[in-house]
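If you're matching them up, the sequences are chains A and B in order.
The opening position of the first sequence corresponds to residue 1 in this note's numbering, with each subsequent residue numbered one higher.
The opening position of the second sequence corresponds to residue 1001 in this note's numbering, with each subsequent residue numbered one higher.
None of these hints come from the bench; they were simulated from the model.
All C-beta atoms, glycine included, are put in the ideal place defined by N, C-alpha and C.
Careful: at least some of the hints might be erroneous.
One side of the interface only, derived from the structure: several residues of chain A facing chain B at Cβ under 10 Å [claimed, not checked]:
(1) 79
(2) 88
(3) 118
(4) 205
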Amino acid sequence: MKNRKEKTFSQLGYPGRLVAVEGVDGSGKSTQIYLLKRWLEMQGLKVFFSEWNSSGLVKSATRRGKQQKILTPTTFSLIHATDFADRYERQLVPLLKAGYIVLCDRYKFTAFARDTVRGCSPDWVRKLYNFAALPDLTFFFRAPLDVSLNRILQGRPQLKYHEAGMDLGLSDNIEESFKLFQGRLLKAYAKMKTEFGLIQINANQPIEKQQELVRDRLAKVIDIKGYQLDQ
Amino acid sequence: MAAKRNSASKVRPNKKFLGYDLPGVKARELTGKLIVIEGADGSGRSTQIKLLVDWLEAKGYATTQVGLKRSSLASEELERAKNGNILNRTTLSLFYATDFADQLENIIIPSLRAGFIVLADRYIYTLMARDLVRGLDDKWVHNLYSIALQPDAVFYLKLSPEKLIQRNFMKNHTLDYWESGMDLGLSKDMFDSFVKYQKLLSDKFDEMRKSFDFTIVDSDQSVDSLNQELRNHTKKIIN
Chain A
1 MKNRKEKTFS QLGYPGRLVA VEGVDGSGKS TQIYLLKRWL EMQGLKVFFS
51 EWNSSGLVKS ATRRGKQQKI LTPTTFSLIH ATDFADRYER QLVPLLKAGY
101 IVLCDRYKFT AFARDTVRGC SPDWVRKLYN FAALPDLTFF FRAPLDVSLN
151 RILQGRPQLK YHEAGMDLGL SDNIEESFKL FQGRLLKAYA KMKTEFGLIQ
201 INANQPIEKQ QELVRDRLAK VIDIKGYQLD Q
Chain B
1001 MAAKRNSASK VRPNKKFLGY DLPGVKAREL TGKLIVIEGA DGSGRSTQIK
1051 LLVDWLEAKG YATTQVGLKR SSLASEELER AKNGNILNRT TLSLFYATDF
1101 ADQLENIIIP SLRAGFIVLA DRYIYTLMAR DLVRGLDDKW VHNLYSIALQ
1151 PDAVFYLKLS PEKLIQRNFM KNHTLDYWES GMDLGLSKDM FDSFVKYQKL
1201 LSDKFDEMRK SFDFTIVDSD QSVDSLNQEL RNHTKKIIN
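Chain A on its own, in the form it takes in the complex (with noise of 0.2 Å):
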């Protein structure tokens, strides 16, 4: 794969930075970039936070699919593209020329992730996210198959249909189909490593320690000084 014309937004010399946090489902990272955000808010820094999934208009689109089961793996695929673009054209771009830091819970390695196990061309995935620069940094939390699924398991052990991957078809038992489907997207999430420069960070260590080296990283990478509010 040939992506390596793409660039970072600090790279496309945007005064803002993209901060995003990678993983599958139960390995912690909502968690760890709630904590960041909240540390660099406390610094009275200009921060904001995005969702997956999260856009108005297209979410009720992608609501209805879900609900009906009338998504393929192709209309999957754009409708989160579709949902991707909206955050990123009208949301993301210009806050980032406006300076800011916005962290992505989840950015476009998600879809790599999830389209490509659902059957997509890796190829078609790529070039559909290539109007989306890279992010700055990239954190992508691993933990041991089994400790990311206890921890999903154990507190919500309603699974939805598309979480548990049942449209893949890998089981009736949707707990199974879950496990398998989580397995195959850990297993795409570490071929992407190098491929994008994926800072992996260990998620089977103390909340509070990880936070840590999330937080060192950062500042190595960002000089946090320069994105005081009210400059």
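Chain B: place on chain A using the hints.
Showing chain B alone in chain A's frame:
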């Protein structure tokens, strides 16, 4: 993804995708025919499709009709987005592609598998032309629609912008915001914008003719003679 231009009159033995195969679909199992009618609003597409359907059904062929913004997945939100003009170009492009892919997989492909003749009131070419005149990257747009099935025939109903205007006024005495390309800011005057935008689209279609296999049909003729011309082309495909 290029198709030879001179193959218009030949029967294509097997269906194929323009670029990437859709997961789980065997193109060779699709025994029906896919016929696409392209052309601007006012070029006579829907009238001609209706007449083609009558003719085909009279001959005993089963037909299915598809068109833009008709998917159960995305049509409702697309309509709302267009009315509010709240989506940017990449988003709108992807939303249209979603609408297209939903119909491709849930209507077009099953119909072709069952041996139907599918008549498409516009296909990816209109969507691509719209994206391209809005400045989206050519390679990106081609990749986006490389999941489409190559039609058995594409008829492009061509009419000058001036004649299109007259036909639009005959129909409802008003020009549509999007069909006039008002979002491009070509002109504040809707009439001027319509003429300029339709010219841009028509140029794009002429360009795309080089890589895709279009049959250009002059729409400046009577409904019946135009339909006769389309029937003659269609006969070569279905026999």
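Tell me, in ascending order, the numbers of any earlier hints that this structure violates.
-> Number 4 only.
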